[in-house]
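Q: Protein chains in written order, with this note's numbering: chain A, 1 to 69; chain B, 1 to 457.
Honestly, the hints are just simulated from the structure, not real lab data.
We put the CB at the ideal spot given by N, CA and C, even for glycine.
One or more hints might be untrue.
Unchecked claim - Listed next, the in silico EDC-like pairs over lysine to aspartate or glutamate satisfying Cα-Cα at most 20 Å (straight line):
no.	chain 1	residue 1	chain 2	residue 2
1	B	LYS13	A	ASP13
2	B	LYS348	B	ASP310
3	B	LYS349	B	ASP404
4	A	LYS56	B	GLU60
5	A	LYS9	B	ASP59
6	B	LYS3	B	GLU29
7	B	LYS247	B	GLU201
8	B	LYS13	A	ASP49
9	A	LYS29	A	ASP13
10	A	LYS9	B	ASP84
11	A	LYS22	B	ASP84
12	A	LYS9	B	GLU417
13	B	LYS430	B	ASP404
14	A	LYS9	B	GLU86
15	B	LYS364	B	GLU330
16	A	LYS9	B	GLU201
17	B	LYS73	B	ASP35
18	B	LYS348	B	GLU365
19	A	LYS38	B	GLU29
What the hints assert, rightly or not - Sample of chain B residues with no beta-carbon within 10 Å of chain A, all distances over it, derived:
no.	residue
20	LEU14
21	CYS27
22	LEU325
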Amino acid sequence: MDSRPELDKLLHDVQSKSASLKSAAQLLKGCPLGQARKMAALMTKEARDILRSLLKLEKELSRGRDLKA
Amino acid sequence: MDKLIILVVEDDKLTQKVMAQHLGGHCVEFAGDLDTAMRKLAAGHYDICFIDLRLGGDDECSGLQVIPRAVAKGVYAVVMSGCDSEGMVDQAYELGCSDFYAKGNEAANIGAVIAKYHQNRAGCNAGHIFAHRFITEDQATRASIVEALKYASSDLPILILGPSGTGKTSLGKIIHEHSRREGDFVAINCSAYTEELLEAELFGHRKGAFTGASASRKGKLLQAHQGTLFLDEIGAMSLNMQTKLLKAIEERSFHPVGSDKPECSDFRIISATLENLQRLIAQGRLRFDFFQRIHGLTVNLKPLAQRKCDIFPLINFFTQGGKRLSFSAEARACLLDHSWPGNMRELKKLVSLLASGHEGRVTKEQLFRHLTQALGEPPAASGAFVGESQYRYALDQGLDQAVDRFTRGIIMRNLSENHGKKTKTLAALKISTRLLYSTLRKHPAPEEEEAPDGLPA
Chain A
1 MDSRPELDKL LHDVQSKSAS LKSAAQLLKG CPLGQARKMA ALMTKEARDI
51 LRSLLKLEKE LSRGRDLKA
Chain B
1 MDKLIILVVE DDKLTQKVMA QHLGGHCVEF AGDLDTAMRK LAAGHYDICF
51 IDLRLGGDDE CSGLQVIPRA VAKGVYAVVM SGCDSEGMVD QAYELGCSDF
101 YAKGNEAANI GAVIAKYHQN RAGCNAGHIF AHRFITEDQA TRASIVEALK
151 YASSDLPILI LGPSGTGKTS LGKIIHEHSR REGDFVAINC SAYTEELLEA
201 ELFGHRKGAF TGASASRKGK LLQAHQGTLF LDEIGAMSLN MQTKLLKAIE
251 ERSFHPVGSD KPECSDFRII SATLENLQRL IAQGRLRFDF FQRIHGLTVN
301 LKPLAQRKCD IFPLINFFTQ GGKRLSFSAE ARACLLDHSW PGNMRELKKL
351 VSLLASGHEG RVTKEQLFRH LTQALGEPPA ASGAFVGESQ YRYALDQGLD
401 QAVDRFTRGI IMRNLSENHG KKTKTLAALK ISTRLLYSTL RKHPAPEEEE
451 APDGLPA
């Protein structure tokens, strides 16, 4: 598989999910307890996904695959 | 607030949750993949569709396929995606999406999308307004109003320009009604007050603030809280008052007359005037910074004489539910020929006079009698004696020159109607020979070489 699309996808995932996480964090404060719990659970899963994508990205970069390529 | 039906095409569960929170109060459905989105769009009816471009699967931008489907169904398509490269933005707009937002600022962006959707819908529904509220068939006037309605729900100040009687206040009210603001439409005519009284009217006053202030009174700014403040004849406001109002607009707070306690008010400004504001700025009668504050979108309302296609629709409108009128061919021609210096207000008054009469069929003679009567009334009472062009000329050149030109115009016309017979003109206009000859000396008439008629040269 060509490395560039893979890197782009990873980068997009990080960007997109981070944006979602930020928007969710802004909403969290005003949420009733029940909703806040559900939201926090989804945010935790999102954060794990971001971490997973970041680890893959790091691995790709350490192999010398350049994002500028 | 209208409940909208909204489809959110988004595969990320957390984003779905965020969107659901921001769109609370509307009916929201979700599609987590391309197939579900296409199926829902084919079967359902939606007002707005939010589209994420990456929906998983092999195609990395499968969301793009949703845009044309949504647009074909008349849905307001908005892309909200983490993929916001220039190429992707261009592609999305080419496919017909109405808006493109990068993910991450949903709190502000979703509100903006809903507001814009309502603005566009208000513009599309303008047909009802033209049939029932602001009667016009003039395409340029319609286009100006549709444009203004698109900004109705924003906070943008609107400036309505047009001669007296063209419907400036009516339009201000219509814009307010489409603004979704919860407060009232509060109108004030700035030319109707002295500076001190205008300040008290706008800002309110405390009991005993000035002679006659027997009780505290809420001002127009406070009355317009969460609503619209309509400032009519804005050009008549003094420089001092402009400074005070500018401060109140910028700070959203002000002090009522005689009070140390500031009051806060959130209002939108719509202003109206028949004057040329650029000229007032040049003359030092209008502060430029104040002008900048009240001038967002400008709407020009043409005088009735420049949109004669509206005369008969307006007559129909004014007589709806009451006595209908029929005009002879000559009367119709006379209506179209009249210069309507009082604009719609003058037409409404004429229709009222005609409808109150005994005859439903209106002849040229009847019409002429009423129009002459209207012009024969004292100017202050009719408001129609001085036409827009004369008024503007007087503003430009000064009253003396305007009166001089007016006098000359009447004398020359009468001389022409009397085939140059000065005696007839002297009698018809009840003027002195001195006035006649001084006018002719200053402005020689080309046809004044007439047979001697015994008048002194």
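Q: Next step is simple, just say for each hint if it's right about the structure.
A: Results of checking the hints against the structure:
Distance restraint check for LYS13(B) and ASP13(A): the Cα-Cα separation of roughly 13 Å lies within the 20 Å cut-off, and the hinted pair is therefore satisfied. Under the criterion of a C-alpha separation no larger than 20 Å, the hint pairing LYS348(B) with ASP310(B) is consistent with the structure, at around 12 Å. Restraint check: the Cα-Cα separation between LYS349(B) and ASP404(B) comes to about 30 Å, which exceeds 20 Å; the hinted pair is violated. For a cut-off of 20 Å, the pair hint linking LYS56(A) to GLU60(B) stands: about 18 Å separates their Cα positions.
Simply put, LYS9(A) and ASP59(B) have alpha-carbon atoms about 11 Å apart, close enough for the 20 Å limit, and the pair holds. About 13 Å separates the Cα atoms of LYS3(B) and GLU29(B), which keeps this hinted pair within 20 Å; it holds. Our distance criterion of 20 Å between C-alpha atoms is met by LYS247(B) and GLU201(B), whose separation comes to about 16 Å. This hinted pair checks out: LYS13(B) and ASP49(A) have alpha carbons roughly 12 Å apart, not beyond 20 Å.
About 25 Å separates the Cα atoms of LYS29(A) and ASP13(A), which puts this hinted pair outside 20 Å; it is violated. Distance hint between LYS9(A) and ASP84(B) is fulfilled; the C-alpha atoms sit about 13 Å from each other, no more than 20 Å. For the given pair, LYS22(A) sits about 17 Å from ASP84(B) by alpha-carbon distance, which is consistent with the 20 Å threshold. About 87 Å separates the Cα atoms of LYS9(A) and GLU417(B), which puts this hinted pair outside 20 Å; it is violated.
A threshold of 20 Å between alpha carbons decides the hint, and for LYS430(B) with ASP404(B) the separation of about 17 Å falls inside it, so the pair holds. The straight-line distance between the Cα atoms of LYS9(A) and GLU86(B) is roughly 17 Å, inside the 20 Å bound, and the hint therefore holds. Taking the CA atoms of LYS364(B) and GLU330(B), the gap is near 6 Å; set against the 20 Å cutoff, the hint holds. With a C-alpha separation of about 62 Å, the suggested pairing of LYS9(A) with GLU201(B) is violated against the 20 Å cut-off.
Pair hint LYS73(B) plus ASP35(B) holds up; C-alpha atoms about 16 Å apart against a cutoff of 20 Å. Of the supplied pair hints, the one linking LYS348(B) and GLU365(B) holds, its CA atoms being roughly 19 Å apart against a limit of 20 Å. For a cut-off of 20 Å, the pair hint linking LYS38(A) to GLU29(B) stands: about 19 Å separates their Cα positions. With a minimum CB-CB distance of about 4 Å to chain A, LEU14(B) fails to clear the 10 Å threshold, and the non-interface call is violated.
Even its closest Cβ contact with chain A, about 19 Å, leaves CYS27(B) beyond 10 Å, as expected for a residue assigned away from the interface. For LEU325(B), the condition that its CB be more than 10 Å from all CB atoms of chain A holds, with the nearest at approximately 61 Å.
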